[in-house]
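Dock chain B against the given chain A, drawing on the hints supplied.
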Amino acid sequence: MANQAGSMEAVRLGEARPAQGVADANLAARARQGEAAAFEELYARYRDQVYGLCLNLMGDRDDAQDLLQETFLRAYRALPRFRGASRFGTWLFRIAVNACNDAMRKRRQAADPVLTPASPDGGAEATVARVRDALCCLQAKHRVVLALRYNRSLSYQEIAEVLGWSLPRVRVTIHRAKHAFREAYLRTDGEMP
Amino acid sequence: MKCHMVRDRLSGYLDGELAEAEAALLASHLESCALCRGEADDLRQVDRALRALAREESAPEMIGDLRQRLAAGRPGSSRWVWAGAAGALAVAAGASLLIWSRAQPGPGPAAPRQSAVGSTPRPVPPAEMVRVPGEERQPGEAAEAGPSRPASGRGGGARRHRLHGEPPAPTPSEDLPGAAGGALPALQPQPTPAQIAEASAGIILILGEPQPVLPSSRCFIEVTRGDGSRSSVNQVIERDADGRPSAVDVSYQESGPKYQTPSQGG
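Chains as they are written, first to last, in the numbering used here: chain A, 1 to 193; chain B, 1 to 266.
Treat the hints with caution; some may be incorrect.
[What the hints assert, rightly or not] A short, non-exhaustive set of chain B residues, derived as facing chain A with CB atoms under 10 Å:
hint, residue
1, Gly16
2, Glu20
3, Leu43
4, Asp47
5, Ala49
6, Arg51
7, Ala52
8, Ala54
9, Ala59
10, Leu66
11, Arg67
12, Val248
13, Val250
Don't read these hints as lab results, they were simulated from the structure. Glycine included, C-beta positions come from ideal geometry on N, C-alpha and C.
Chain B extracted, bound-state conformation:
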């Protein structure tokens, strides 16, 4: 063992912290090396001096003071814990408010929302539900499964037509980060044929995915192609008391220059 290795380990050796074999090697070196032995002696002096620290110092009796200070807070009830709880409550309240505000129908599209998923679906003229190609989707829209989420007047809203052709109304939640523009809206709770789209067509509008607990629901899809022709699917699902589909009615319609006579399917 070389001197520098011995010196690095001298403290551990004197403190009895080395493994037996290593300590034996080191002891053997110390017998033959005066320099390392001298350093060991220095460290022994340090050891003797520092042992003075082990002299027991009795702490002053302060249990009374400590009791008083402890009485201010039980375990787990410090002000920081309460502050954390208050913060969590505030976040929860904020989230609830946000969800509530997003769930509220806007002044314009409120009625269509009710009718679109209601038990008595009405025929919807396809022309009323057209999203213009290239139109930006509003923030948060992808997460919104409702059939007629209130529309914003920004991002091409002037060219958008909603169920009743009413002007779009801004909602408090519109500035929140949401879906990227142009992405397909997410459907809840299950995908429908609405996701079928012709890439060359350009316009897809998906309205409404049934809530299983509702007695009936409707899904309407319309595709407008580049040549001006349109295809639409209107699906109505009736459900029994257990929420199971009891009747499904799907109508398919095409119009435009290519289609002089609409066909029915389902």
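In isolation and in its complexed conformation, chain A is listed as follows:
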């Protein structure tokens, strides 16, 4: 049952290498017992997703790179406490969001709130940069729900699991976040795509 759930997780949450067949929960259990290869496989599965999430939350590639490492370090240290009650992807994204929140808090304390668009030149790149720019103007909770929703296409239920929120709270927050994003995007760009 656990393996089945883990496989679903790899397809749904991870979208990463489902063909390889080994469930996340299985890999996590092996990594917990010190098998480095299992942890590296988890890293390979989720690296891009965690990096994308951190990039959208922080708006900066260097920060995202640091937070990618930080997320996996925290996950590695917390592995003994991961018992598979939640899906590995959910658990890992929660760690990533927490790491990003910590980084944002430090950034605020350092009075450095201005975020650099990730890639300002080029058509599609420019659009992404503007979107990230607008995202960075939002409240943290709005930024987080939109990043989880659109970066990894998580369902509302999955977002609720990652954030430990109720489903109605996720629904309301996403709705408000979209309105806030629209205003922010119109301020920075002037025209919606």
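Then chain B, alone, in the frame of chain A:
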């Protein structure tokens, strides 16, 4: 469905997160309401913009760096885990020291403690074991089952007489929170007749409850009444090798103006 209800649910509707029946109601409303339809269009624009986030970004290859950082600590061996273990060890050591210090006899009452629970109980003059009415019990005394816990000089100690009449000696554990003043001391491991007290009498001193593994043990109780008369019970229990009582000797004595001749019982 009213417009404000529709608008609250529009994001969920566009994201396919509504139940089928609710989505059908909402779709029906949108067909007939231009304002809500306009808001839905705005949200679709937002949706299109935000989909740019789904563009895959390859993370830089950092497994080498990660391996190095991971090598600093295996799962469950982070510095915080070690710090927690060290803290727990320190607490355990502190608790052990506390228990040990409480178990050590003080310089004065050490000898009586040994004799009171020893295999050769000696008769104890009742007058030596009197607690004055109103005297405060020392902190932690209720938890102390020993027959002659070292006494403190505070809280009426000057009026207290111990087994040999020696001055009370403070112990390191006396400042710790313990029993409320005046409460009956707890007996271990089983209650004895020592708990019988006359409320009007005023003074109860309970010394000694046998440890089952000891070959013999003694319990002595004395009650002093308001009129100066006293009653005391001295119980000696002999035990066999298995710890079962083999002989019990109880003596009962009364003295004072009302009792000119002591009586023996048991």
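Status of the hints after comparison with the structure:
Among the interface hints, the one on B:Gly16 holds; its C-beta lies about 9 Å from the nearest C-beta in chain A, closer than the 10 Å criterion. At its closest, the beta carbon of B:Glu20 sits 16 Å from a beta carbon of chain A; the interface hint therefore is violated under the 10 Å criterion. For B:Leu43, the interface hint holds, the least distance from its beta-carbon to any beta-carbon of chain A being 6 Å, beneath 10 Å. Hint on B:Asp47 holds. Least Cβ distance to chain A is approximately 8 Å, under the 10 Å limit.
A hinted interface residue such as B:Ala49 counts as satisfied when its beta carbon comes closer than 10 Å to some beta carbon of chain A; here the least separation is about 5 Å, so the hint holds. Against a cut-off of 10 Å between C-beta atoms, the interface hint on B:Arg51 holds, since the closest Cβ of chain A lies about 6 Å away. Taking 10 Å as the C-beta contact cut-off toward chain A, the hint placing B:Ala52 at the interface holds, the least distance being around 5 Å. Proximity of B:Ala54 to chain A holds as hinted, the smallest CB-CB distance being about 6 Å (cut-off 10 Å).
With its C-beta approaching chain A no nearer than about 3 Å, B:Ala59 sits inside the 10 Å limit, and its interface hint holds. With 10 Å as the threshold, the beta carbon of B:Leu66 comes within range of chain A, its nearest partner Cβ sitting at about 6 Å, so the hint holds. Hint status for B:Arg67 relative to chain A: holds, with the closest Cβ pair at about 8 Å, below 10 Å. Annotation: B:Val248 was flagged as interfacial toward chain A, and the flag is violated, the nearest CB pair being 56 Å apart, outside 10 Å.
Checking B:Val250 against chain A by beta carbon gives a least distance of about 59 Å; that is not within 10 Å, so the hint is violated.
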